[in-house]
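Peer 1: Each chain, written out:
2 protein chains.
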Amino acid sequence: MKRVAVLGSTGSIGVQTLEVIEGGGWGYYAPLLACGRNIGLLMEQIKRFRPEAVAVLRREDAEAIRRERPDIDVYCGESGLLQAIEETEFDMAVNALVGISGMAPTMKLIEKGGVRIALANKETLVAGGRIVMSAAKEAGVSILPVDSEHSAVLQAFRGNEKNRIKRIILTASGGPFRGYTRERLEGVSVKEALAHPNWAMGKKISVDSATMMNKALEIIEAKWLYSLAPQKIDVLVHPQSIVHSMVEYDDGAMMAQLGTPDMRLPIAYALTYPERHSSGARRLSVKDLCRLDFEEPSAEACRALNLAYAVLQEIADTSKDSPAIALNGANEALVALFLEGRIRFVDIVDTLEKLIAIHEPARAMSIGDILEIDAKARKDAERLAGIKTLL
Amino acid sequence: MKRVAVLGSTGSIGVQTLEVIEGGGWGYYAPLLACGRNIGLLMEQIKRFRPEAVAVLRREDAEAIRRERPDIDVYCGESGLLQAIEETEFDMAVNALVGISGMAPTMKLIEKGGVRIALANKETLVAGGRIVMSAAKEAGVSILPVDSEHSAVLQAFRGNEKNRIKRIILTASGGPFRGYTRERLEGVSVKEALAHPNWAMGKKISVDSATMMNKALEIIEAKWLYSLAPQKIDVLVHPQSIVHSMVEYDDGAMMAQLGTPDMRLPIAYALTYPERHSSGARRLSVKDLCRLDFEEPSAEACRALNLAYAVLQEIADTSKDSPAIALNGANEALVALFLEGRIRFVDIVDTLEKLIAIHEPARAMSIGDILEIDAKARKDAERLAGIKTLL
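Chains C and G, in that order, give the protein sequences.
Counting in the working numbering, the first sequence tops out at residue 393, every number present.
Counting in the working numbering, the second sequence tops out at residue 393, every number present.
Bound conformation, chain C alone (with noise of 0.2 Å):
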């Protein structure tokens, strides 16, 4: 019997985690589920998974459920997330907190010990990797990615010497504007950057995804993951989605792992790794294979690309982080901003290449840095895509 704390229960990746855990037969279980404000699906996740404690956001809900369900522990808030984490007995957590709120979580994750984290929160590594991994190796945590890339990634390493790899190749689908011109991409909506041809997935990521920064944060991720030089995290544009990504060896092979896009595997495989359990994805048909394309990012999706192998660069010259944390954070202000229809889709990319101009990096020695530049890249990039803020 393992447990598992589920963070981000209601979530595209939560909700997969509970599918692939009652559904896999290996008699795991979820003894903590926590969330954000979605509380009727939690009730009904606390019905059919038996939870012995639960964290959600808001005092009020706290209190509904407390009504409610007196039987079980409830958190209320980010420092009771803390909290919750500290006091609850399990085996393994699946972050999947969105944004820079998942990083203190994963921090308190470490500290707890004893636990092996399964990590769907890119913005854990992207803005805090440094302190994040050398916090997890101190203390013996494992950290294993829940992202089809990097999970293929760490498949395609199983059994090959690391001094043997010529490079890692992230595949990107290209989202849904692939070999759109900056013209056209210029009048794309909300809705059009929402429908990702391969995966359904969260808003944030979806959007990523079709800027192409889903992929520069997976490379700034790969870094710290892997202990990778940027030189050898490259990215080809994959518009099926069945290649999920590659590692080429200096003997000229190339490992790749492919599977249908179904976040099931790489969730049942970051629970049950080193080993294999059924996962409940579809498998492979030969019509999904039938004919299966790689090209060069385009002009316009390097632009996403080069940010992240921009700040990769800095922080190697400098020691100082702030880059990653500056374009992780001001890249889900933007994209909250488009989602609410201020600013335009081409308006995030634009932004963020203003802001990495002028950026001057600093030393974040702690999560209390990391949030706070997090903060002042919020707010510049507010500026600089021209909103006003009201206050």
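Calculated directly from the structure, the hints in this document are not laboratory data.
There could be a bad hint or two in this list.
[Claimed, not checked] Computed footprint of chain C on chain G; a stretch qualifies when at least three of its residues, placed anywhere within it, have a C-beta under 8 Å from a C-beta of chain C:
(1) 181-193
(2) 245-255
(3) 284-297
A virtual CB, placed ideally from N, CA and C, is assigned to each residue, including glycine.
Dock chain G against chain C, hints included.
Peer 2: Relative to chain C, chain G alone:
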């Protein structure tokens, strides 16, 4: 310093093995070279690679070499090769002999013990799988495949548990006649059959690739090499020969090995397994990857594959291995007849179907039994193909 005996040194695989050893800079060296009749090339190899011993087929060749190079041990004939294996010291052997004649040397290598066998000789396993694998297991000798498909499977196995394998998928280029109708196949020439679209290979294997018998033999080989049930061995046609094979696991993941069509990669992998070293193989470019297609084998191509499945079913039902021995021997005889212009291309599989339909399974307990069944199958095949043997 690893000492590698190269059996079949003047053939395509042998030549590439020596290239890999020379170019790898790993400090490998070839103390024994064995070949058939290509003495001109062998003399060059002697100068360049300075073996301690050589083995050739004909007495007159052996004598000529002895006169010119009295410093080298020269062995002659099939028994001479076995003696050379016994008397020369080496750590591993590449068995790249062509046809059934490669089997006795494999057994001799196992008997010698303390060596790794890098096996390019398919017939050893197709005809002698049961005997060879159990002898190797008993002697603690490991047998590693030198063929792009089985090497890819081995690479895709690494770091995974055997009980999680759903199936392996051997890829087939489809050869020069992919998509040809029966009618069109009836008119193809030897030259056309030898013109493989992707791989430069020996004549026998080029024709086998055109008939799909190469893949049929690989299915049987896979059964013995990896103790897999026939239902777990699939074939997909992949015209670009970039994905060399795949393994599907029961979580839905498929691990694939990609590479340029260059035998130096699987040769190097078999020599340095489980490590990787530079192989000299050209790296994949985006151009190589730009489009990868997969399709089910055509009805015509399935005829050869179905022979393999029928033979494996027969073996599973009766524990009598003769059907595979007969299929292999008859195919070898028929390919020779085709290359001599004495039968048509389509007569190869047509005759094999007739032969397997009337074959009476028999037990093969020794290499002697195998050679006897093999010889009879060759005669039967010639008779069924309408060739009158002159005796």
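Peer 1: Each hint should be assessed against the structure and marked as holding or not.
Peer 2: Hint by hint, here is what the structure shows:
no., hint, result
1, 181-193, "violated (count 0)"
2, 245-255, "holds (count 8)"
3, 284-297, "holds (count 11)"
Violated hints amount to a single one, hint 1; each of the other numbered hints is respected by the structure.
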